[in-house]
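Protein chains: 4
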Amino acid sequence: MGNTFGKIFRLTTFGESHGKAIGGIIDGCPSGIKIDIDFIQSQLERRKPGQSKITTQRKESDKVKLLSGVFEGVSTGTPIGFVFKNEDAKSKDYFHLKDIFRPSHADFTYQKKYGLRDYRGGGRTSARETANWVVAGSLAQQILSEIGVSINAYVSSVGSIRLNKCYKNIDLSKIDENIVRCPDSSIAKKMIELVEKIKKQGDTIGGEITCVAKGVPAGWGEPVFEKLHAIIGKAMLSINAVHGYKYGFDGLDISSAKGSEVNDVILDIDGTTKTNFSGGITGGLSNGNDIYCEVTFKPVSTILQTQKSINEKGEEVEFKAKGRHDACVVPRAVPVVESMMALSLVDAYLKSKTNKI
Amino acid sequence: MGNTFGKIFRLTTFGESHGKAIGGIIDGCPSGIKIDIDFIQSQLERRKPGQSKITTQRKESDKVKLLSGVFEGVSTGTPIGFVFKNEDAKSKDYFHLKDIFRPSHADFTYQKKYGLRDYRGGGRTSARETANWVVAGSLAQQILSEIGVSINAYVSSVGSIRLNKCYKNIDLSKIDENIVRCPDSSIAKKMIELVEKIKKQGDTIGGEITCVAKGVPAGWGEPVFEKLHAIIGKAMLSINAVHGYKYGFDGLDISSAKGSEVNDVILDIDGTTKTNFSGGITGGLSNGNDIYCEVTFKPVSTILQTQKSINEKGEEVEFKAKGRHDACVVPRAVPVVESMMALSLVDAYLKSKTNKI
Amino acid sequence: MGNTFGKIFRLTTFGESHGKAIGGIIDGCPSGIKIDIDFIQSQLERRKPGQSKITTQRKESDKVKLLSGVFEGVSTGTPIGFVFKNEDAKSKDYFHLKDIFRPSHADFTYQKKYGLRDYRGGGRTSARETANWVVAGSLAQQILSEIGVSINAYVSSVGSIRLNKCYKNIDLSKIDENIVRCPDSSIAKKMIELVEKIKKQGDTIGGEITCVAKGVPAGWGEPVFEKLHAIIGKAMLSINAVHGYKYGFDGLDISSAKGSEVNDVILDIDGTTKTNFSGGITGGLSNGNDIYCEVTFKPVSTILQTQKSINEKGEEVEFKAKGRHDACVVPRAVPVVESMMALSLVDAYLKSKTNKI
Amino acid sequence: MGNTFGKIFRLTTFGESHGKAIGGIIDGCPSGIKIDIDFIQSQLERRKPGQSKITTQRKESDKVKLLSGVFEGVSTGTPIGFVFKNEDAKSKDYFHLKDIFRPSHADFTYQKKYGLRDYRGGGRTSARETANWVVAGSLAQQILSEIGVSINAYVSSVGSIRLNKCYKNIDLSKIDENIVRCPDSSIAKKMIELVEKIKKQGDTIGGEITCVAKGVPAGWGEPVFEKLHAIIGKAMLSINAVHGYKYGFDGLDISSAKGSEVNDVILDIDGTTKTNFSGGITGGLSNGNDIYCEVTFKPVSTILQTQKSINEKGEEVEFKAKGRHDACVVPRAVPVVESMMALSLVDAYLKSKTNKI
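Just so you know, the protein sequences line up as chains C, W, L and R, in that order. The first sequence begins at 4 in my numbering and counts up by one. The second sequence begins at 4 in my numbering and counts up by one. The third sequence begins at 4 in my numbering and counts up by one. The fourth sequence begins at 4 in my numbering and counts up by one.
In case anyone wonders, no lab produced these hints; they're calculated from the structure. Hints are not guaranteed to be accurate.
Remember, identical chains collapse to one label, so a pair may be satisfied in a single copy or spanning two.
[As the list claims (entries may be wrong)] Result set (DSS-like, lysine-lysine): computed pairs, CA atoms no more than 27 Å apart in a straight line: (1) Lys277 - Lys88; (2) Lys95 - Lys37; (3) Lys311 - Lys261; (4) Lys66 - Lys23; (5) Lys88 - Lys68; (6) Lys68 - Lys23; (7) Lys356 - Lys37; (8) Lys95 - Lys311; (9) Lys261 - Lys200; (10) Lys171 - Lys311; (11) Lys359 - Lys56; (12) Lys325 - Lys261; (13) Lys311 - Lys203; (14) Lys359 - Lys217; (15) Lys192 - Lys261; (16) Lys37 - Lys316; (17) Lys202 - Lys177; (18) Lys88 - Lys37; (19) Lys66 - Lys88; (20) Lys323 - Lys277; (21) Lys56 - Lys171; (22) Lys261 - Lys68; (23) Lys325 - Lys88.
My request is simple: use the sequences and hints to build the entire structure.
Right, dumping it as structure tokens:
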């Protein structure tokens with residue numbers, strides 16, 4: 004269980020980091036969508052390992068292959084199956100970890116849940132899985148784009164270096180002007196320096212990503228247990244290493260605000276509000292204003308330092324990870340965050356079509 | 004859609020704040036559970052309006068009535084239907100708001116989604132709905148308790164007054180020793196004073212709740228899209244006024260930590276870790292240590308001050324809310340947070356039974 | 004599990020025959036539907052016990068009470084909760100059966116599944132549950148009626164007395180002209196005589212119901228595992244005592260037909276076919292022609308004769324059922340069949356709105 | 004939607020007959036199952052085109068490739084992705100049908116639902132899809148086999164040639180002794196002759212398959228809307244060309260039976276019954292006796308004769324199908340029926356683990 008996202012536009016995935024392939028099935032994609040494979044591939048490039056000096060050097064071409072559901076370049080409404088071959092998996096980097104439960108990794112928990120595990124490259128727990136999400140998410144972005152919704156994410160902090168500006172005061176077209184994907188060149192520079200420093204130490208560092216969706220009309224989302232912000236939150240919390248999520252409030256400390264300060268006065272019949280502390284969502288439904296949220300990543304657990312742990316027999320061991328790893332995942336996670344936002348919104352959009360007869 | 008929580012232990016609810024009744028159906032409750040109706044009722048008392056000077060003065064006896072699924076005091080495995088009658092609804096407090104879209108309320112978004120709305124008492128969007136969750140959640144707590152899992156939540160901040168201690172250094176038995184449900188009497192006193200002050204101003208204030216689950220064995224949760232922390236996150240984000248969620252990291256700033264500082268060294272074959280920055284969950288699965296998270300509430304939107312907004316015709320209006328409202332919801336939200344944790348965990352527990360044949 | 008029907012228009016139910024109440028929650032009903040409570044009640048009257056000399060004499064007023072989701076007579080889009088009180092339950096008729104596993108009843112299987120059971124009146128397994136379905140189903144019929152779809156079911160056989168005519172040659176307005184609900188007065192007369200005879204013997208007899216839906220446009224249903232006829236089939240097979248289902252083929256023996264004889268030639272761009280062996284569904288999707296199917300009921304298991312069985316200790320026992328029971332359920336099952344057809348179709352209709360953007 | 008089967012053991016599929024590949028993802032397979040790829044492949048051989056003179060001569064090697072979820076020959080509990088390449092697709096056989104809505108095919112209904120369609124080889128509507136089901140179904144059979152459940156299906160009629168014997172009086176080991184898969188050699192011979200005759204006429208013929216599951220313990224299944232026989236019924240009705248389903252009653256006419264004749268007297272505490280008219284299921288739950296049902300197939304719609312229809316412009320046309328087709332599908336459908344039974348049962352089995360704590 005747990006390998007499907009969405010109710011109507013549904014992504015189901017499979018695959019281990021060092022297995023034969025990873026892939027997925029997108030069910031519930033409306034028919035008649037022109038598939039822009041170049042856009043999908045461009046989002047995959049942004050997620051790809053080896054794209055810059057601050058990411059892992061593992062090489063994967065990450066060329067997705069669509070197997071069904073598309074005819075003459077257009078979605079047919081039937082499931083879209085897709086695969087990626089695994090190419091540059093160096094499983095032997097993991098042989099020495101075969102019996103070791105790495106700290107803050109899922110080795111121990113998978114072993115407890117399933118009684119066995121594929122230890123190579125983290126198996127199913129590897130963030131390689133998120134390539135599947137980007138395929139479906141960028142398709143979702145295309146659909147949303149046709150109805151006027153755009154989605155952008157950017158790195159708003161790495162370690163304690165933080166972009167202290169509201170997204171409204173940021174030029175979102177500059178996100179990809181640097182390798183850390185922070186749309187402020189001077190802060191980006193500091194972030195890159197920090198990642199390089201941390202990398203040299205064989206250590207890792209966390210960060211934050213802000214995501215903005217513009218053009219969502221009022222009324223998407225479902226009350227009570229599928230509130231739009233809760234669906235988005237669950238989507239973001241599915242991303243490897245994410246430990247926190249908040250929406251709205253624009254940098255303000257949510258819990259210490261007063262109602263009189265943060266109530267968003269409605270200005271017109273389209274729902275435009277004077278301020279947007281609500282983050283574009285009220286009562287779990289989109290309110291017509293920009294949706295925005297912040298996602299917090301912990302430092303990744305694989306560090307290139309000697310660590311203590313235990314093995315399967317319960318014996319204390321020391322080990323050191325080999326392989327090629329990210330010192331900071333947030334630059335590569337930007338298209339993943341966009342994809343999870345898109346998957347959440349496209350599903351909300353399709354559901355909203357059933358509100359009335 | 005959106006009125007069901009859970010996959011195996013499933014709660015489906017109905018009801019508007021000022022309608023005839025609210026209630027729900029619990030499907031998937033295992034058979035043979037002795038129903039401790041007193042415990043359910045005691046949790047409802049903690050959530051009830053009118054319980055202290057710092058909560059709304061609306062009076063509801065909030066006596067739940069179980070209609071099915073229980074025979075001779077024991078769950079039969081069939082659905083448990085339950086209802087609460089609405090008693091002290093003063094709908095006329097809302098007549099003057101009939102055509103007004105209140106700021107940061109769901110009036111506007113429901114109108115956009117459904118084309119009409121029950122304006123009385125917030126209708127379906129009222130936090131009165133959470134009484135239903137407490138019924139199912141406290142039943143879930145009973146089941147969990149039989150397998151050694153306990154759940155406790157407490158208020159960790161009101162406005163900028165914050166309990167800056169890790170839950171491990173707190174005596175959780177003291178949570179209910181004061182009306183704000185903060186288990187530190189001197190901080191609680193300050194919180195109560197703040198709420199009273201805010202209340203006098205006709206204003207509202209946010210806060211935070213920390214929730215701890217002890218005794219969860221390793222291996223609960225599902226990978227990828229139903230990670231345990233993501234399910235809990237979605238559950239918490241369903242609670243009215245919640246805008247943020249994080250798990251683990253114990254007060255530390257997640258994004259600025261280094262991997263070498265926060266990796267949890269595993270000490271023994273039960274998975275006990277030296278530190279618990281992971282918050283009891285690794286790779287989306289429980290790891291055998293305490294699960295804990297923090298939930299952030301914005302100030303409630305109903306303030307007793309004159310506010311500007313628009314009406315259904317798009318005309319600018321001024322209005323002032325009548326009725327009885329909470330200046331700060333966190334004290335009453337404590338059992339709701341516990342309930343949502345319990346619903347998340349009991350479902351994960353039941354799913355875990357299908358991992359192996 | 005198993006107490007919810009539908010994906011978008013969802014009915015979840017609860018209740019035991021001799022418990023406090025039965026009821027349900029309808030989630031996903033579109034907003035803006037004028038609720039015709041008289042129609043709902045009229046369908047309940049057709050299902051009600053005690054309605055004629057050939058049904059059980061148990062008296063239930065079967066007045067449904069809507070608790071939520073309706074405001075000023077119109078659906079709001081939020082869940083519609085409803086209940087029926089149980090009134091004429093004579094539980095002591097069942098005390099002597101407390102420890103006995105009645106033949107072809109679910110006493111034994113519930114005991115095995117759950118380890119205990121509510122033996123009174125069959126508990127959850129009683130067909131009293133179907134009153135809940137009629138509430139949701141007749142609401143579904145109203146929605147369908149607004150978009151031009153009508154549904155009619157009638158008794159096509161009782162025992163070996165069979166109405167050997169295609170539905171097209173039958174005046175469906177005559178269904179309720181007699182108490183057996185067979186729209187041919189002379190055959191109805193024979194059916195009634197047979198039921199009376201069987202009843203006098205303390206025995207029971209099976210029968211068949213044909214159901215016809217007119218006005219369904221082409222393109223409803225989902226391919227592969229949610230084919231429209233499979234969803235309808237599952238719905239019908241959920242009805243107590245149903246053992247068989249077929250659709251199309253109009254009395255013809257399906258398996259001995261040749262392709263050249265039963266292919267339906269398409270005549271025009273609306274999909275009108277010369278013949279309708281397909282039963283209005285091709286490839287799992289509605290094709291624009293009338294949908295029709297046949298549902299086969301076994302004789303009910305409660306007979307008023309002495310029977311052998313075993314008790315909970317495994318000892319052989321003889322027993323005789325008391326209470327008031329139906330000798331033949333098909334007359335009362337007619338609105339239940341219509342309801343299950345309506346629930347299947349309304350869900351397919353709502354799903355069909357998500358096919359295209 | 005509609006491309007997923009099951010709740011816990013879930014199969015999601017993709018693929019068109021003449022696309023690049025077909026395949027699927029099995030989610031929820033318990034860990035620790037030794038994968039017997041030879042058994043899977045042997046079931047695929049029984050379904051494969053070109054296996055005998057009475058099936059279509061299309062050649063597909065139908066070698067399935069497992070891509071994930073299996074490590075060192077054992078299931079890991081993570082999703083099992085699999086694919087089949089399409090090899091012998093002769094799409095040009097379909098070019099002349101590009102604009103034609105073939106009678107009793109899904110061309111018209113897919114066009115109406117989706118606005119376009121992949122016309123090559125029937126696209127998604129082709130029974131080639133069922134190869135995916137056999138992969139998952141034979142894996143399900145392996146799991147069931149480990150807990151003592153066996154499943155066998157056989158052809159019980161072709162046209163009006165019928166095996167008039169209860170399954171109990173049949174040697175199920177003889178099913179594969181002839182190419183029509185009827186375990187009675189003299190009747191099989193007549194069936195084969197009939198298929199050959201029909202084939203020469205360029206026509207098609209229907210048939211029936213009986214399926215038996217032995218060893219299912221009492222208590223599997225879910226009440227009300229997921230009754231075991233209803234789940235199995237839906238599974239069977241998902242198979243291409245199936246128009247009817249019944250369970251139990253052993254050849255007896257269900258609707259004309261009397262309760263006193265067909266109530267199954269329980270003999271012992273394991274639930275063994277004297278007769279088995281119930282077909283092994285009572286009140287929607289398995290009762291410990293053999294489960295059996297009968298599935299009715301219409302003749303396939305593709306006949307090699309000139310037929311009338313209309314084209315996309317609504318003009319009357321005459322056409323004749325080319326390509327390689329089955330005159331009677333039941334021999335090849337035997338493993339498909341077994342697979343759908345296995346998928347239904349394995350899901351019921353896993354659900355049953357959550358009945359009690």
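Hint-by-hint comparison with the structure:
| no. | hint | verdict |
| --- | --- | --- |
| 1 | Lys277 - Lys88 | neither (49 Å within a copy, 39 Å between copies) |
| 2 | Lys95 - Lys37 | between (42 Å within a copy, 24 Å between copies) |
| 3 | Lys311 - Lys261 | between (47 Å within a copy, 16 Å between copies) |
| 4 | Lys66 - Lys23 | both (14 Å within a copy, 16 Å between copies) |
| 5 | Lys88 - Lys68 | both (9 Å within a copy, 13 Å between copies) |
| 6 | Lys68 - Lys23 | both (14 Å within a copy, 10 Å between copies) |
| 7 | Lys356 - Lys37 | both (21 Å within a copy, 19 Å between copies) |
| 8 | Lys95 - Lys311 | within (21 Å within a copy, 63 Å between copies) |
| 9 | Lys261 - Lys200 | between (41 Å within a copy, 12 Å between copies) |
| 10 | Lys171 - Lys311 | between (45 Å within a copy, 24 Å between copies) |
| 11 | Lys359 - Lys56 | neither (52 Å within a copy, 43 Å between copies) |
| 12 | Lys325 - Lys261 | between (50 Å within a copy, 18 Å between copies) |
| 13 | Lys311 - Lys203 | within (21 Å within a copy, 56 Å between copies) |
| 14 | Lys359 - Lys217 | both (24 Å within a copy, 22 Å between copies) |
| 15 | Lys192 - Lys261 | between (36 Å within a copy, 19 Å between copies) |
| 16 | Lys37 - Lys316 | between (54 Å within a copy, 24 Å between copies) |
| 17 | Lys202 - Lys177 | within (25 Å within a copy, 45 Å between copies) |
| 18 | Lys88 - Lys37 | both (25 Å within a copy, 25 Å between copies) |
| 19 | Lys66 - Lys88 | both (8 Å within a copy, 18 Å between copies) |
| 20 | Lys323 - Lys277 | between (54 Å within a copy, 19 Å between copies) |
| 21 | Lys56 - Lys171 | neither (30 Å within a copy, 41 Å between copies) |
| 22 | Lys261 - Lys68 | neither (52 Å within a copy, 37 Å between copies) |
| 23 | Lys325 - Lys88 | within (22 Å within a copy, 36 Å between copies) |
Comparing the model with each earlier hint shows violations of hints 1, 11, 21 and 22; every other hint is respected.
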